[in-house]
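> Turn these sequences into a full structure, and let the hints steer you where they fit.
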Amino acid sequence: MLEPFFRWCESTALGRAVAESVWAFPILEAVHLIGLCVLGGALLVVDLRLLGLGLTSQPVARLARNARPWLLGSLVLMAATGVPLFLSEAIRAYYNTSFWVKMCTLPVALTFTFLVRERVARREADAPGATGRIVGAVSLALWFTVAAAGRWIGFS
Amino acid sequence: MIERFLGWLGETSWSVALLESLYVWPLVESTHVLTLGLFVGTTVMMDLRLTGIAFRRVPVTAFTGRLLPWTRFGFAIMTATGLLLFYSQPLRYYHNIFFRAKVVVLILAGANAAIFHAGAHRSAGDWDEDAKPPRAARIAGAVSLAAWAVVVIAGRLIAYNWFDCDLQPQPAWVNRLAGCGVGAAGAE
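Chain order of the listed sequences is R and Z. If you read the first sequence in my numbering, its first letter stands for residue 1, the second for the next number, and so on. If you read the second sequence in my numbering, its first letter stands for residue 1001, the second for the next number, and so on.
Hints listed in this document are in silico derivations from the structure and should not be mistaken for laboratory results. Hints may contain errors.
[Unchecked claim] Simulated restraints on C-beta separations: (1) R:A130 <-> Z:W1008: 47 to 57 Å; (2) R:E3 <-> Z:Q1168: 41 to 51 Å; (3) R:E3 <-> Z:H1117: 25 to 35 Å; (4) Z:A1172 <-> R:I27: 22 to 32 Å; (5) Z:R1056 <-> R:T111: 23 to 33 Å; (6) Z:A1146 <-> R:V22: 32 to 42 Å; (7) R:W8 <-> Z:F1005: 51 to 61 Å; (8) Z:D1166 <-> R:P69: 44 to 54 Å; (9) Z:A1017 <-> R:T131: 44 to 54 Å; (10) R:R92 <-> Z:W1014: 30 to 40 Å; (11) R:S156 <-> Z:L1019: 10 to 20 Å; (12) Z:V1104 <-> R:V22: 45 to 55 Å.
[Claimed, not checked] Residues of chain R clear of chain Z, computed beta-carbon distances all greater than 10 Å: (13) M1; (14) V45; (15) T111; (16) V116.
[As the list claims (entries may be wrong)] Listing some non-contacts, in silico: residues in chain R with all C-beta distances to chain Z over 12 Å: (17) F25; (18) P69; (19) V76; (20) A80; (21) V83; (22) A93; (23) T97; (24) L110.
Glycine included, every Cβ here is placed at the ideal spot set by N, Cα and C.
Below is the structure:
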């Protein structure tokens, strides 16, 4: 049922342009990777702190506030590069298990990050409590899954 | 001479096994790529502080004291996985212009870090809480950001065989930069 949609994705002008260009896919992927680095940093600064590690002298709320533009910006960058990457090989993605693992975990990670983690970071007392630790750990586990599944798309 | 050593290295049984492995090589490479989030990620956050762009009310020594150990841990993993990847195909990487560029910029990034830690960082106590660190620190941060971006991009492009020595004819400049052992017949 979804397959016609994925076929249409691959037939879009953008999808075909990326697929037919020698340079487009590698450059898009490289920028996607840069986004991954910034996202990793923005997440880790807060998640490490929630786990009672890293910048422990700093209030969680301040770190979360400071990291937020970089969290948002890197996500936007990854989406902006991820969509054309996907369009260029939508059918291959459709039949790829890792792609589905990534795409199903991604909304969970996003929801968790912005609905749960942000609230906890704002409220969390300066000494990490059990809630903070669990939230930090879940955040890292979710985003690690997204990243690992994303990398594994290329291997399957 | 280097070529002979690398050629021998690439024919050792472990090198061959690694390259031909079903899961080990992909896992090593995936670890290398995912650890970028830890290594380059924490580096970027610290560089954002050093350039005065972000985290302005966090003392610089908080980053260099408490986050840097994580960066170093990430670097250790990057190095270990990177060496393994190189070992799986030494000659191919040796002759890959993107790999060569990556190594050169890696050395520059390292030098930049060393200069910062031996220089501006020594007086960090004086400017620790300044939203805008002194110029030397800001330059170090900016150079670091640029260098690591180049390393990541060059690293990603290694996989592409556009300038491989065995895909002659290549332009003369490619053969020179990649150290391809071709005579005039192979060059354009």
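> Given the hint of 10 to 20 Å, is the C-beta distance from R:S156 to Z:L1019 inside that range or not?
Between R:S156 and Z:L1019, where Cβ atoms are some 19 Å apart, the hint holds.
> Has the hinted range 32 to 42 Å been met by the Cβ atoms of Z:A1146 and R:V22?
25 Å, violated
> Is 25 to 35 Å a correct range for the gap between the Cβ atoms of R:E3 and Z:H1117?
Roughly 55 Å apart at Cβ, these two residues miss the hinted range, so it is violated.
> In terms of Cβ atoms, is chain Z entirely out of 12 Å range of R:A80?
Per Cβ check, R:A80 is outside 12 Å of chain Z; nearest 17 Å; holds.
> Test the statement that R:V45 is away from the interface with chain Z: the closest C-beta pair must be farther apart than 10 Å.
Contrary to the label, R:V45 does not stay out of reach of chain Z, its closest Cβ about 5 Å off (not over 10 Å).
> Beyond 12 Å from every chain Z Cβ: check whether that's true for R:P69.
8 Å, violated
> Can the suggested window of 22 to 32 Å be confirmed for the beta-carbon pair Z:A1172 and R:I27?
25 Å, holds
> Using the beta carbons of Z:D1166 and R:P69, state whether their distance is inside 44 to 54 Å or not.
The hinted range 44 to 54 Å holds for Z:D1166 and R:P69, with Cβ atoms some 46 Å apart.
> Using the beta carbons of R:W8 and Z:F1005, state whether their distance is inside 51 to 61 Å or not.
53 Å, holds
> Holds or violated: is the Cβ of R:L110 farther than 12 Å from all Cβ atoms of chain Z?
16 Å, holds
> Please settle this one: R:V76 was flagged as non-interface, so is its CB more than 12 Å from every CB on chain Z?
Given a closest Cβ separation of 16 Å, the condition holds.
> So R:A93 supposedly isn't at the interface. Is its beta-carbon more than 12 Å from every beta-carbon in chain Z?
Nearest chain Z Cβ is 18 Å from R:A93, so the label holds.
Checked against the numbered hints listed earlier, the structure breaks hints 3, 6, 12, 14, 17 and 18; every other hint is satisfied.
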